[in-house]
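Residue numbers (my numbering), protein chains in the order written: chain W, 1 to 146; chain D, 147 to 365.
Note that these hints are calculated values from the structure, not bench results.
Just so it is clear, the structure is predicted and the values come from calculations on it, not from any experiment.
Just to be clear, a hint being listed does not mean it is correct.
Said to hold, decoys possible - What follows is a list of derived Cβ distance ranges for each label pair:
#1 D:Ile246 / W:Gly23: 39 to 47 angstroms
#2 D:Glu285 / W:Glu91: 45 to 53 angstroms
#3 W:Arg121 / D:Arg268: 25 to 33 angstroms
#4 W:Arg121 / D:Ser200: 46 to 54 angstroms
Stated by the list, open to error - Here are some, though not all, of the chain D residues that point toward chain W, as calculated from beta-carbon distances under 8 angstroms:
#5 Ser232
#6 Gly284
#7 Glu333
#8 Lys335
All C-beta atoms, glycine included, are put in the ideal place defined by N, C-alpha and C.
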Amino acid sequence: MKKLRIILIGLAVLSCQDIENCGTDENLDFMILRFFDYETQSSKKIGFTITAENSPYAFTPFTDSTGVGLPLNPEDPTTTFFFDSDTSHFELEISYEKAEVSIFDPKCDPSYTYLGLDTVRYTFDSLSIPGTVTNRQLNTNVEVYF
Amino acid sequence: MWKSIFSISTVVVCLIANGQQPTPPQKKEPIDFRPYELKLGMNAIRSARTAFGSDLITHEVEAALAMHRFVIVGNFGVEEHQHGDSFDYENKGSYYRVGIDRNFTKDKESGNALTLGLRYARANFNDQMTFTADQGFGEQNYFLENENLTARWIEVAVGLRGKVVSNLYMGFTMRWQFARKINGEGELKTYDIPGFGKTRRQNSTAFDYYLMWRIPFRN
Numbered sequence: 001m002k003k004l005r006i007i008l009i010g011l012a013v014l015s016c017q018d019i020e021n022c023g024t025d026e027n028l029d030f031m032i033l034r035f036f037d038y039e040t041q042s043s044k045k046i047g048f049t050i051t052a053e054n055s056p057y058a059f060t061p062f063t064d065s066t067g068v069g070l071p072l073n074p075e076d077p078t079t080t081f082f083f084d085s086d087t088s089h090f091e092l093e094i095s096y097e098k099a100e101v102s103i104f105d106p107k108c109d110p111s112y113t114y115l116g117l118d119t120v121r122y123t124f125d126s127l128s129i130p131g132t133v134t135n136r137q138l139n140t141n142v143e144v145y146f
Numbered sequence: 147m148w149k150s151i152f153s154i155s156t157v158v159v160c161l162i163a164n165g166q167q168p169t170p171p172q173k174k175e176p177i178d179f180r181p182y183e184l185k186l187g188m189n190a191i192r193s194a195r196t197a198f199g200s201d202l203i204t205h206e207v208e209a210a211l212a213m214h215r216f217v218i219v220g221n222f223g224v225e226e227h228q229h230g231d232s233f234d235y236e237n238k239g240s241y242y243r244v245g246i247d248r249n250f251t252k253d254k255e256s257g258n259a260l261t262l263g264l265r266y267a268r269a270n271f272n273d274q275m276t277f278t279a280d281q282g283f284g285e286q287n288y289f290l291e292n293e294n295l296t297a298r299w300i301e302v303a304v305g306l307r308g309k310v311v312s313n314l315y316m317g318f319t320m321r322w323q324f325a326r327k328i329n330g331e332g333e334l335k336t337y338d339i340p341g342f343g344k345t346r347r348q349n350s351t352a353f354d355y356y357l358m359w360r361i362p363f364r365n
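Between the sequences and the hints, there should be enough to build the whole structure, so can you do that?
Here is the structure:
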């Protein structure tokens with residue numbers, strides 16, 4: 001009887017240990033672009049100023065300058081990005097079937113993920129979408145060749 | 147000589163025949179499926195969480211009708227839950243479970259029960275979420291809502307009920323909940339389901355403690 005009581009209390013305590021680390025949320029609220037040389041297909045460093053339609057911000061590439069994380073507008077079904085340098089100007093419009101908002105843990109911020117990424121138009125030489133969902137397990141959503 | 151052998155054989159056969167007299171057939175007690183008790187009760191854990199918590203209002207009642215070695219069980223509950231530090235998420239609805247248990251105790255008189263059973267459960271609920279966030283397009287207020295959500299799942303339940311005093315019984319039910327399905331979700335993904343719990347896991351376990359009053363139908 002005493003053992004049963006201890007087991008029951010233990011189970012109750014274990015059930016309370018359910019606090020999540022916000023950093024382990026798999027969902028991402030941005031897509032990851034990687035840049036490649038059109039001729040050699042190898043990674044390419046960029047020096048663009050990247051902006052998005054209806055956004056007040058400019059987006060900074062990753063430290064190795066071969067990729068960038070870009071937010072998607074949850075209020076619109078598409079988002080258009082502009083890539084500007086002294087010598088070039090490119091545009092990319094991305095659509096998504098659905099934005100999903102979930103709660104990873106009540107202590108964390110709302111968790112966003114975008115499903116069904118696709119291109120509407122682009123002015124780069126070539127483009128592919130190996131990852132159609134924004135998720136931490138994917139290292140690339142869009143490959144850009146120019 | 148032959149006469150003697152015949153006589154002895156006759157006696158032996160008669161003795162054997164006497165020893166094999168068929169015993170009278172035992173009277174098998176007929177199975178009585180008439181209900182012999184009804185237990186009505188409340189989920190004490192849910193009521194305690196309502197009394198001592200600030201973000202949850204929930205109550206659940208249970209009815210258990212016992213017949214032969216089986217118990218027909220039904221639960222009905224309501225739940226209103228709020229979550230969130232940087233957002234307000236509210237989930238409100240009701241649920242029910244129906245199912246049948248096998249009672250493994252043989253003493254019907256005591257009303258004690260050790261049961262294993264199966265339940266079908268269903269919830270009807272709404273949820274909504276409001277928050278302010280900057281998703282890279284400036285700070286905006288968001289309001290997301292799911293109306294008329296339904297969910298269903300199956301449970302395997304193990305229960306124990308013991309007499310405390312008079313017709314008052316206490317006991318627990320442990321549940322393994324599986325085969326969950328939610329219908330009606332939109333952009334907002336449901337965080338929890340009344341009667342089931344968090345949706346992040348496809349399967350779930352639950353522990354409930356009940357206070358019950360027994361109404362015996364026969365003495």
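Here's how the hints hold up against the structure:
no.	hint	result
1	D:Ile246 / W:Gly23: 39 to 47 angstroms	holds (45 angstroms)
2	D:Glu285 / W:Glu91: 45 to 53 angstroms	violated (26 angstroms)
3	W:Arg121 / D:Arg268: 25 to 33 angstroms	violated (46 angstroms)
4	W:Arg121 / D:Ser200: 46 to 54 angstroms	holds (51 angstroms)
5	Ser232	holds (5 angstroms)
6	Gly284	holds (6 angstroms)
7	Glu333	holds (6 angstroms)
8	Lys335	holds (4 angstroms)
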